[in-house]
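Colleague: Respectively, the protein sequence lines represent chains A and B.
Mapped onto my numbering, the consecutive letters of the first sequence carry residue numbers 1 to 201.
Mapped onto my numbering, the consecutive letters of the second sequence carry residue numbers 1001 to 1101.
It should be emphasised that the hints constitute simulated quantities derived from the structure, not laboratory data.
A couple of the hints might just be wrong.
In the DSS-like style, the derived pairs of lysine-lysine whose C-alpha atoms are separated by at most 25 Å in a straight line are [what the hints assert, rightly or not]:
#1 B/K1037 with A/K63
#2 A/K162 with A/K172
#3 A/K172 with A/K63
#4 A/K172 with B/K1066
#5 A/K63 with A/K162
Which bits of chain B does chain A cover? Going by a derived footprint, with three or more residues having C-beta under 8 Å, they are [claimed, not checked]:
#6 1014-1026
#7 1070-1078
Beta carbons are placed, not taken as given, at the ideal position from N, Cα and C, and that holds for glycine.
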Amino acid sequence: MTAHTSANVPLEYQTNQNQMNILGFWIFLGAEIVLFSTLFASYFVLEHNTAGGPVGHEIFILKDVLIETFLLLTSSFTCGLAIHAMRNNSKNGLMFWTIITLLFGLGFLYMEINEFIHYIHEGATIQTSGFTAAFFTLLGTHGAHVSFGIVWIALLLIQLAKRGITQVTARKFFIASLYWHFLDVVWIFIFTFVYLKGMVM
Amino acid sequence: MTTVKHGFPWNHLIGFVLSILLTLFAVFIAFETDFSKTVIMWVIGTLAIFQALIQLFMFMHITEGKEGMLNVINIIYSIFLALVIVFGSIWVLTSGHSAIH
């Protein structure tokens, strides 16, 4: 497809370059799935090796984990609304929903950092056991991704304020939205196979 | 790919409500039922996969664009690799295959 614009195609797909960038980002997300799978694999292998330290159900707090889950789920939803606004060519809508998304993301990080501090007070640091090492590595990698996403998307907002919705900024926001939704997908599996599993088994 | 003007984002709203319900249902199954631990893990694991599919199809629009099919194939292959890594690691490291004889 050439660079000509077509009313039926969203702005972010309208150039060959944009299509290639979006495809490339999907391939990157495929690699991210594999990266997180190695961390999940390490966790599943090590989760019973608590070396006399605390086990999962002794330190996990369901209420806090649920709050984190709902914050991230909601931020994924508002991120979708941001792209919806972008496709209606509403710069203010895109700006508004993206800022809401970032606020939910920051709320999630605040809860997660407090959670980590709580674990450390309970005597579960990254050096305590195989379980805590794998746990903090998996959760920390996800949290680092969320932190990076917040900085990235905040920088995109500055570009949006300066340049408006163009083929380039639309593509960048769309790719960032894929990244943000992906982090929610990873969290669903952390929620189920780390927290719920840890509290049930 | 749809037309330029989009109406109310029902797709996103339905996906969001479903995600919340599936999360609460998983918590209910885990803590409020008397199923065996194995059954609980199978049920909440399935719920997690449904939620991931909701994100992929309703939020990320994986099939959208000219490369939609390519995206699906790429992600399916990544999921296959992930499963091999996770179950392969568990198998090799917990069933005695790593023991030195």
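Colleague: Evaluate each hint against the coordinates.
Modeller: Hint by hint, here is what the structure shows:
1. B/K1037 with A/K63: 21 Å, holds
2. A/K162 with A/K172: The hint holds at about 14 Å.
3. A/K172 with A/K63: 35 Å, violated
4. A/K172 with B/K1066: 18 Å, holds
5. A/K63 with A/K162: Answer violated: A/K63 to A/K162 is near 41 Å, above 25 Å.
6. 1014-1026: holds (count 6)
7. 1070-1078: holds (count 6)
Against the hints set out earlier in the document, violations occur for numbers 3, 5.
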